[in-house]
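Please take these sequences and the hints and turn them into a complete structure.
Each protein sequence line maps, in turn, to chains A and B. Residue 1 is where the first sequence starts when you use the UniProt record's numbering, and the numbers rise one by one after that. Residue 1 is where the second sequence starts when you use the UniProt record's numbering, and the numbers rise one by one after that.
These are calculated hints, taken from the structure and not from any lab test. Idealized CB from N, CA, C, for every residue including glycine. Errors might be hidden in some of the hints.
To be verified - Just some of the chain A residues that point at chain B, by a computed CB distance under 8 Å: (1) CYS27; (2) GLU31; (3) TYR143; (4) SER239.
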Amino acid sequence: MSRIDLPSLASAAQDEVARQMSICNACRYCEGLCAVFPAMELRRVFEGPDTDYLANLCHNCGACYYDCQYAPPHEFAVNVPQALAELREESYARYAWPGFMAPVFERNGVWIALAAGLSVALFILGFALWSDPGALTASGNFYAVMPHNAMVAVFAPAFLFPLVAIALSLVRFWRLTGPTPGLTFAALRQATRDAATLRYLDGGGMGCMTQSERPDTWRRRFHHLTFYGFLLCFASTSSGTIMHYVLDWPAPYAWWTPPKLFGVPGGLGLVIGAAGLIWYDRARDGRLRPAKQTGMGAAFTWTLLALGATGLALYWLRETPAMGVLLAVHLGTVFAFFITMPYGKFVHGLYRYAALVRHAYEQKRAHP
Amino acid sequence: MSWDVLIAGGGNAALCAAIAAAKDGARVLVAEAAPRAWRGGNTRHTRNCRIAHDEGNGILTGPYPVDEFMDDLMRVTKGRTDEELATLTLEKSKELWDFLEDQGVRFQPSLGGTLSLGRTNAFFLGGGRSMLNALYRTAEDAGVEVRYDTRVAALDIEDGFFKGATLERDWQNGGPEREEVTARAFVAAAGGFEANIDWLKEAWGDAAENFLIRGTPYNTGGVLRQLLDAGVQQVGEPDQCHAVAIDGRAPKFDGGIVTRLDCVPFGIVLNAEAQRFYDEGEDFWPKRYAIWGRLVAAQPEQVGHVLIDAKSINLFMPSVFPPERADTIEELAGKIGLDPAATRATVDAFNAACVPGMFDHAAHDDCRTEGLDPPKSHWARPIDTPPFYAYSLRPGITFTYMGVRVNADARMVMEDGSVSPNLFAAGEIMAGNVLGQGYLAGIGMTIGSVFGRIAGERAAAYVSN
Ligand SMILES: Cc1cc2nc3c(=O)[nH]c(=O)nc-3n(C[C@H](O)[C@H](O)[C@H](O)COP(=O)(O)OP(=O)(O)OC[C@H]3O[C@@H](n4cnc5c(N)ncnc54)[C@H](O)[C@@H]3O)c2cc1C
Ligand code: SF4
Ligand code: SF4
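Below, the structure written as structure tokens:
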């Protein structure tokens, strides 16, 4: 796709980022703080796609706001974290597939809460109708409540559709931000390392500044717990699927099996991490957030917290009569998580990863 | 209220003094005239500090011995420096990396476009405001009380002995709240007087009305005036200052670093009468940009116009404001308010005088003019490829040099040569002792940190006796 026939003219959020970036490009004091500034320096003009790329490279560590000599009340009114956050949320909608789902991003918190509530209710109701209501309170056996094949019939499409939707959105994002001839594995490796260590969520080494100009490492720690907790939960589910289908070894699984060994620490990581992020964000400096509130971040963190909490509850209470209801709530949450995945904050990780790959690629070319 | 040490100012010098004094046990009050959001004077606009060191350290790319630093200082000041204080400053600058790092300041390699300073200057990670934030955090943790929006309005000094001061809180809005405070020592770290246009006019005449002030509007020299009136010896002359040519569209105050323009060597500079007035290609821009402030200040209306063409537009650091642009010289002249015919004639004369050569913006190339007055010695290429671009230039004042005389203890020296027991000074307000004229990038912070520390330590030692 050529860069001229862009779908539309630059949006207001893109214009604002372009305005601020041309100030930063003449200043460059923040060059050492993160990837955004070196990426900016490779450009002299900032077209819409460039700004979307820069926005997704930012980790919102806050440092460049407190460090900026042109931050409001200065008339230049530079607030890079806020401008990039605002554009970042907008960019998710711009690349979303299918396009008609884009408006969901605008009032994201509300939509996701609705989807989650509905899914959970449907699952409880569905169980009660599907099996006999008695199974809801019969402890121990999940498949008495919902036969395994039924679970698969519901979850396979709910999982596959988001995968396709996200993959297509990601391809659109990758293409629009320009061609990358000669892209190598080295760039992927570098980006993976940067993403896995949250290299840029550290204010250039001092720590993030998201509550005040006193740097701290809490946000980074909670993010790590959440991210790795999520990965472990994912590994737990995947290993369960393999055991079921490949090894012909159906649940329930003992504590020493991979689904449990991954699942329990994963659930704990999700709960502590997500709860920590929610707690920490309450004191977050409002000036770093998008002026236009979509509730996107909060909705996502709460969903993750619910995922972890219901999963753990199920693990500990499965031998009690609460099992049936808990299972319904947990599966409802998982379902809601999946179907809203392409239209919520979940995509931030993927776009950011794509941006990090491009960054590694560009820097290697510019400074071989 | 009574304090051990009262410090006027809230920039690098003030904070270094406050931290040093508080760590030596003194009860310190810092009065900063600016509101919190604007705290830190010109320090908030800085990016580096020049320090002597015997070895590179991974960020500083190589050694910069005191002797070489001294040679550089002698060259720019043409010997106008107090040698004892200069030696002391450069020697003590060796400690600054560790000292600042201990206060939480972090460093980064030199920024893109400033590679020539990578060996000599320590760049602050995140710039001067980040550096200041670290100093404020450390000062607060050490028990220093900082009052914003509070200026030192009057000093009670008797025969060179400091007794107390009048503070004015909330002095900008409504009636100021006055408070008399006593302290056993006073550190003046309130910067120069570059933001006081009336004072500048005493030295520069009405031309000063058209000066732009690159830094804080709060450095109006009130404390300096009080000290001179109380009999402290003056160093330097009021017209000595660091003045560069900056983008004429910069705000009156606080435009900071982004308003600098690096395009002069690639074009020609015309005054309001569409005439050239100086060799634009005399030397590399970092070596020349500090003379262009004065050059432009001497032109009618204190304005200059740089004209360049499409060949050069990408050769210099991006500018914060886009240039004026046109397809013909005449149209461009119209846009910037110059006479089109006169502009055309000047450009034609310049173009005709350019001798062919091998253009190389990274070297003193052989593209120059012949038979033109003033000549352009390097990087002279005909301005003939549209679109044509123009930037306007105005004098931008960085800071003034006139200040108070101090000795090696940072104690003020009185007019009769006696030394005050409890009046100290640090930073811009005394930089003229070391920097009689000229400028060396990054030495403002060096002087402020070195003398700030000395002032804080000596003041604390004085009050504990
Ligand atoms: C755009 C720009 C870039 C610069 N870059 C560099 C650089 O990279 N490296 C370098 O070494 N130097 C640089 N300088 C010079 C440097 O800023 C000064 O040398 C340095 O800030 C001086 O420190 P200071 O603490 O003495 O003064 P300042 O940092 O200016 O602080 C003076 C303080 O005094 C306060 N004040 C004034 N009057 C009163 C009063 N009556 N009562 C109470 N408080 C008062 C002000 O509000 C201010 O907080 C730069 C200057 C500018 C303008
Ligand atoms: S955020 Fe501010 S200080 Fe940092 S590069 Fe941009 S303009 Fe400069
Ligand atoms: S907020 Fe942090 S990550 Fe984002 S641009 Fe600023 S310094 Fe970089």
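Cross-check of the supplied hints:
The closest approach between the C-beta of A/CYS27 and any C-beta of chain B is roughly 5 Å, which is under the 8 Å cut-off, so the hint is satisfied. The interface hint given for A/GLU31 holds, since its Cβ lies 5 Å from the closest Cβ of chain B, which is under the 8 Å cut-off. Given hint, A/TYR143 at the interface with chain B, is violated; its Cβ is 57 Å from that chain's nearest Cβ, farther than 8 Å. A least Cβ separation of about 43 Å between A/SER239 and chain B goes past the 8 Å threshold, and the interface hint is therefore violated.
In summary, the numbered hints that this structure violates are 3, 4.
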